[in-house]
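Since chain V is already given, all that's left is putting chain S on it; use the hints.
For the record, the sequence lines run as chains V and S. Residues 833 to 948 in the numbering used here are what the first sequence lists, from first letter to last. Residues 65 to 178 in the numbering used here are what the second sequence lists, from first letter to last.
Simulated from the structure, these hints should not be mistaken for lab results. Bear in mind that the values here come from a model prediction, so they are computed numbers and not experimental data. Note that CB positions come from ideal geometry on N, CA and C, so glycine has one too. Accuracy of the hints is not assured; some may be wrong.
Stated by the list, open to error - Keeping only pairs whose Cα atoms sit at most 30 Å apart, straight-line, the calculated DSS-like set for lysine-lysine is: (1) K73(S) to K121(S); (2) K881(V) to K901(V); (3) K909(V) to K854(V); (4) K940(V) to K121(S); (5) K909(V) to K890(V); (6) K940(V) to K854(V); (7) K940(V) to K73(S); (8) K854(V) to K901(V); (9) K901(V) to K890(V); (10) K121(S) to K854(V); (11) K901(V) to K121(S); (12) K940(V) to K909(V); (13) K881(V) to K73(S); (14) K854(V) to K890(V); (15) K881(V) to K940(V); (16) K854(V) to K881(V); (17) K940(V) to K901(V); (18) K901(V) to K73(S).
As the list claims (entries may be wrong) - Derived Cβ-Cβ restraints for the label pairs, each shown as a range: (19) E126(S) to S858(V): 20 to 30 Å; (20) K901(V) to G67(S): 25 to 35 Å; (21) T176(S) to S858(V): 29 to 39 Å; (22) S129(S) to A932(V): 13 to 23 Å; (23) T71(S) to Y893(V): 20 to 30 Å; (24) N141(S) to N849(V): 32 to 42 Å; (25) S835(V) to K121(S): 17 to 27 Å; (26) L103(S) to S945(V): 14 to 24 Å; (27) L178(S) to K901(V): 47 to 57 Å; (28) S892(V) to A78(S): 39 to 49 Å; (29) N887(V) to L178(S): 43 to 53 Å.
Spelled out, the chains give:
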Amino acid sequence: AQSVAQPEDQVNVAEGNPLTVKCTYSVSGNPYLFWYVQYPNRGLQFLLKYITGDNLVKGSYGFEAEFNKSQTSFHLKKPSALVSDSALYFCAVRDRRNQAGTALIFGKGTTLSVSS
Amino acid sequence: DSGVTQTPKHLITATGQRVTLRCSPRSGDLSVYWYQQSLDQGLQFLIQYYNGEERAKGNILERFSAQQFPDLHSELNLSSLELGDSALYFCASSPGVLRSDEQFFGPGTRLTVL
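Just chain V, same shape as in the assembly:
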């Protein structure tokens, strides 16, 4: 079965500290992985993706993610958190069950709270 797990419902971090939002995946074949952020009453915004190549992917707003094939993980990171980073973060994997489709399977989401 293909799935994405975000083991933490909430992550709390102080402004200026590094942050990590965890994601693990289960998918057949090579994964296509994505991170999205959702602010209150807004749609999802694309942050970054891993398709192939370098295991460290850089994205928008200073975020980066590290792909680890042996641990089947794709953790989102930022060296220095901002209060404005507080939002709901979703990890997603391309659904490969339907060869014709290109839908995403999303994790449950992790609420990031950055305190000043």
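Relative to the frame of chain V, chain S by itself:
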């Protein structure tokens, strides 16, 4: 702003009724996706259209249907509504059907069934 528009923003209706949600993809995007976001189920893929044709189906109920028109906008029709259909419905678009393409999401339509 992602470039994907959805109308209406909010919809309040009664059980048993039928509603239509509308989505306009980003200019040039041929693929349209519909997702449902609810507290208990999270974000669930419903259906995908590509250039007017159904491409993939997810967890879409038989009471729900969708279509994509020649101008590439899409509509999601929800009928015989139940309380459990209350959710945020997102439309997303992507340029085509490459697995590497990211999807761009609209602001969503919040459906409340009373």
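Going down the list of hints, with the structure as the test:
A threshold of 30 Å between alpha carbons decides the hint, and for K73(S) with K121(S) the separation of about 24 Å falls inside it, so the pair holds. For the given pair, K881(V) sits about 15 Å from K901(V) by alpha-carbon distance, which is consistent with the 30 Å threshold. A hinted pair counts as satisfied when its Cα atoms are at most 30 Å apart, and K909(V) with K854(V) qualifies at roughly 9 Å. Simply put, K940(V) and K121(S) have alpha-carbon atoms about 20 Å apart, close enough for the 30 Å limit, and the pair holds.
For the hint pairing K909(V) with K890(V), the CA-to-CA distance comes to about 10 Å; that is within 30 Å, so the pair holds. Distance hint between K940(V) and K854(V) is fulfilled; the C-alpha atoms sit about 12 Å from each other, no more than 30 Å. The suggested pairing of K940(V) with K73(S) holds, with an alpha-carbon distance near 23 Å, which does not exceed 30 Å. Taking the CA atoms of K854(V) and K901(V), the gap is about 14 Å. The hint holds against a cut of 30 Å.
Distance hint between K901(V) and K890(V) is fulfilled; the C-alpha atoms sit about 17 Å from each other, no more than 30 Å. With a C-alpha separation of about 28 Å, the suggested pairing of K121(S) with K854(V) holds against the 30 Å cut-off. The suggested pairing of K901(V) with K121(S) holds, with an alpha-carbon distance near 29 Å, which does not exceed 30 Å. The hinted pair formed by K940(V) and K909(V) meets the criterion: a straight-line CA distance of about 18 Å does not exceed 30 Å.
For the given pair, K881(V) sits about 28 Å from K73(S) by alpha-carbon distance, which is consistent with the 30 Å threshold. Of the pairs offered as hints, the one joining K854(V) and K890(V) holds, with about 16 Å between alpha carbons and a cut-off of 30 Å not exceeded. At roughly 18 Å between alpha-carbon atoms, K881(V) and K940(V) fall within 30 Å of each other, so this suggested pair holds. At roughly 15 Å between alpha-carbon atoms, K854(V) and K881(V) fall within 30 Å of each other, so this suggested pair holds.
Of the supplied pair hints, the one linking K940(V) and K901(V) holds, its CA atoms being roughly 21 Å apart against a limit of 30 Å. Simply put, K901(V) and K73(S) have alpha-carbon atoms about 40 Å apart, too far for the 30 Å limit, and the pair is violated. The hinted range of 20 to 30 Å is satisfied by E126(S) and S858(V), whose Cβ atoms lie roughly 29 Å apart. For K901(V) and G67(S), the hinted distance range of 25 to 35 Å is satisfied, since their beta carbons lie about 34 Å from each other.
Between T176(S) and S858(V) the beta carbons are some 34 Å apart, a value that agrees with the proposed interval 29 to 39 Å. Checked against the hint of 13 to 23 Å, the pair S129(S) and A932(V) passes, with Cβ atoms roughly 19 Å apart. For the pair T71(S) and Y893(V), the supplied restraint of 20 to 30 Å holds, since their beta-carbon distance comes to about 28 Å. N141(S) and N849(V) have their C-beta atoms about 47 Å apart, which leaves the hinted 32 to 42 Å range violated.
For the pair S835(V) and K121(S), the supplied restraint of 17 to 27 Å holds, since their beta-carbon distance comes to about 18 Å. Under the hint 14 to 24 Å, the C-beta atoms of L103(S) and S945(V), about 18 Å apart, fit the expected range. Checked against the hint of 47 to 57 Å, the C-beta distance between L178(S) and K901(V) comes to roughly 48 Å, which is consistent with it. Separated by about 41 Å at the C-beta atoms, S892(V) and A78(S) satisfy the suggested range of 39 to 49 Å.
As the Cβ distance of N887(V) to L178(S) is approximately 49 Å, the hint placing it in 43 to 53 Å holds.
Of the numbered hints listed earlier, those contradicted by the structure are 18, 24.
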